[in-house]
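A.B. asks: So the chains spell out like this:
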Amino acid sequence: MNLVELTLAWLADPGHWTGAPGIPNRLLEHLLLSGGALALAGSIAVPIGIYVGHTGRGVGLAANVANIGRALPSLAVIAIVLPLTSAIDNQAGFRLYPTLVAMVVLALPPILVNTQTGIGEVDRDLVEAARAMGMRSGDVVRRVELPLAATAIASGLRSAAVQVVATATLGAIFGGGGLGRYLVEGIAQRNDGMTYGGVVLVAVLALAVEAAFVLGERLIRSPGLVRIESSRAASAA
Amino acid sequence: MIDIVWAVDHLDDLAGRVFQHVVLAGGAVAVGFAISLAISVWVVRRRRGRAGLLTVSSVLYTIPSLALFAALVPVTGLSILTAEIPLTLYTLVIFVRNILAGLDAVPGDVLEAADAMGYTAGQRLRRVELPLALPLVVGGLRLASVSTIGLVTISGILGDRFGGLGFFIFEGYRRTFATEIWFGGIPVIILALVADLALVRLQRRLTPWSRPVAPVDPGRGVAAVAAS
Numbered sequence: 472m473n474l475v476e477l478t479l480a481w482l483a484d485p486g487h488w489t490g491a492p493g494i495p496n497r498l499l500e501h502l503l504l505s506g507g508a509l510a511l512a513g514s515i516a517v518p519i520g521i522y523v524g525h526t527g528r529g530v531g532l533a534a535n536v537a538n539i540g541r542a543l544p545s546l547a548v549i550a551i552v553l554p555l556t557s558a559i560d561n562q563a564g565f566r567l568y569p570t571l572v573a574m575v576v577l578a579l580p581p582i583l584v585n586t587q588t589g590i591g592e593v594d595r596d597l598v599e600a601a602r603a604m605g606m607r608s609g610d611v612v613r614r615v616e617l618p619l620a621a622t623a624i625a626s627g628l629r630s631a632a633v634q635v636v637a638t639a640t641l642g643a644i645f646g647g648g649g650l651g652r653y654l655v656e657g658i659a660q661r662n663d664g665m666t667y668g669g670v671v672l673v674a675v676l677a678l679a680v681e682a683a684f685v686l687g688e689r690l691i692r693s694p695g696l697v698r699i700e701s702s703r704a705a706s707a708a
Numbered sequence: 013m014i015d016i017v018w019a020v021d022h023l024d025d026l027a028g029r030v031f032q033h034v035v036l037a038g039g040a041v042a043v044g045f046a047i048s049l050a051i052s053v054w055v056v057r058r059r060r061g062r063a064g065l066l067t068v069s070s071v072l073y074t075i076p077s078l079a080l081f082a083a084l085v086p087v088t089g090l091s092i093l094t095a096e097i098p099l100t101l102y103t104l105v106i107f108v109r110n111i112l113a114g115l116d117a118v119p120g121d122v123l124e125a126a127d128a129m130g131y132t133a134g135q136r137l138r139r140v141e142l143p144l145a146l147p148l149v150v151g152g153l154r155l156a157s158v159s160t161i162g163l164v165t166i167s168g169i170l171g172d173r174f175g176g177l178g179f180f181i182f183e184g185y186r187r188t189f190a191t192e193i194w195f196g197g198i199p200v201i202i203l204a205l206v207a208d209l210a211l212v213r214l215q216r217r218l219t220p221w222s223r224p225v226a227p228v229d230p231g232r233g234v235a236a237v238a239a240s
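Chains as they are written, first to last, in our numbering: chain B, 472 to 708; chain L, 13 to 240.
I should point out that these hints are in silico values taken from the structure, not numbers from a laboratory. All C-beta atoms, glycine included, are put in the ideal place defined by N, C-alpha and C. Treat the hints loosely; a few may be bogus.
Said to hold, decoys possible - Cβ-to-Cβ under 10 Å is the rule here; a few derived chain L residues that face chain B: (1) 21; (2) 78; (3) 79; (4) 87; (5) 193.
Build the full structure now, drawing on both the sequences and the hints.
C.D. replies: Shown next, in the form of C-alpha cells:
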C-alpha cells in the first residue's frame, strides 16, 4: 500500500473512532486543552492590554514582555516546567500542567500586544468627543475603544489560538492527550498510517481553528466602523 | 533536585549539543534565506504568483511543527533531511514575507530616480531596492533565527542523533531525570534570547539610519512591537 492508501485505511478503520485512544476523544482533549489555555490567557492579557492601551502606562514594559515571550521556544518551556509540576502531582504534573503552562505563557504575548495596540490606536479625536459627551473612563473603554479595537483583539486571539493548538500537539511527547499522540506513537511504532492520519488531523484542526477565527473577526466588526470604511472607499473611488 | 555532579560531568556533551543546535538552525536559516531571496525577487512584480505564494505560505505556517516533522518520517526516514526540511520551510515563510514587505516599502519615486539614472533592473535591485529593504530583511533574519532555534529542539523526536539541546529534554524525560531536562531546556531559552539580542544589534549596525523595525510575523495579525 502506498502512503495515501495507508492513511485512508487508518482513518477509515472504525476501531480508530471509539474509546479513549479514538479520534473523537483525542480531538475533544485537544480542543478542551486549547480552549482552556486560550480562555485563561485571554482573561489575563485582555484586561492588562486594555489598561495599558487606555492609560498609555507601561507601554514599553508590555512590549518588552511580549518580545521576550515571543522568543520563548515552546518545547523548552514545557521542559522547564515539567520537573516542577511533576514533583507536586505525579500524574497531571507530567501530562497536563507543563503543556498548559507553556500554552498560556505563549498565548499571552500576541493577545497583549494586539489588545494594547488596538486600544491605543483608536482615534484620539473619538475618545475626546466621547469625553466631551460626558462619558466616564469606563464608558469610553466599553462603548468606544473596545468596539473599535475588537478586530485587533480578535486577531491577537487568533494568533494565540493557532500557537496554542500547536503547543497542545507537543504535549503528547510527555504523555499528554490530544491529536499529537498519533504523531508521537506513529513515529515510535513506525506506523506510517497512524503518523499520516495524525498529520492530516492535526493540520486540518489547525487550519479549521484559523478559519473559524477569521470568520469570527468579520462577524464582530463594529457596524459603525464598517459603514464609515465603506463610505470612505466609495468617496475615494 | 539538581544533580550538580552530573551536570558538570556532562559539560562536554552540552558543548557538542549546543554546536549541533546552532548548525541545524544555521543551516536551515541560511538555505531558507537563499531560496527566499530568489523567490521574492522573482515574484515581487508578479501579482498572481505573489498571491498564490502568500496563501501557500500562510497555510504552511499554520501547520504545527510536530506534524511537519512527522509528515516527513515515512518519506525521508529518520535522516537529516527530515529535520532540516521543515525547519527550512518555516524560515521560507518568514523570509519571503519580510523581503517582500521590505521591497514594497521602497518609495516609488526612488525607483523612478534610479530608472532615470539609467540603472538596469538588476543594478536597481542590488544597489537601490535591497539596501532600502535591509531593515525588514534583517528583521526577518531575527525572527527566523529565534523561531528555528526553538524548532530544532522538537527535532529530537526523530531520535538521539537530532534535536541539538532538545536531546537532553527527550532523554531526561525518558529517564525522569529533572537535571537533564533542565540541562537542555534552560540553554535553549538562553540561546534563543541571545540570538534575538545579537540580531537586534546587527540590525542597528547594518541600518544605522533606521530604528529597529518590527519584522512581519506571519503568525500575527498586527505587527509586533520592536524591542526598544
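A.B. asks: Determine for every hint whether it applies to the structure shown.
C.D. replies: Comparing the hints with the structure gives:
Annotation: residue 21(L) was flagged as interfacial toward chain B, and the flag is violated, the nearest CB pair being 19 Å apart, outside 10 Å. This hint holds: residue 78(L) has a C-beta 5 Å from the nearest C-beta of chain B, less than the 10 Å allowed. This hint holds: residue 79(L) has a C-beta 4 Å from the nearest C-beta of chain B, less than the 10 Å allowed. Interface hint at residue 87(L): satisfied, since its Cβ lies 8 Å from the closest Cβ of chain B, which is below the 10 Å cut-off.
A distance limit of 10 Å between C-beta atoms decides the matter here; for residue 193(L) the minimum to chain B is near 5 Å, and the interface restraint holds.
The earlier numbered hint that this structure contradicts is number 1, and it is the only one.
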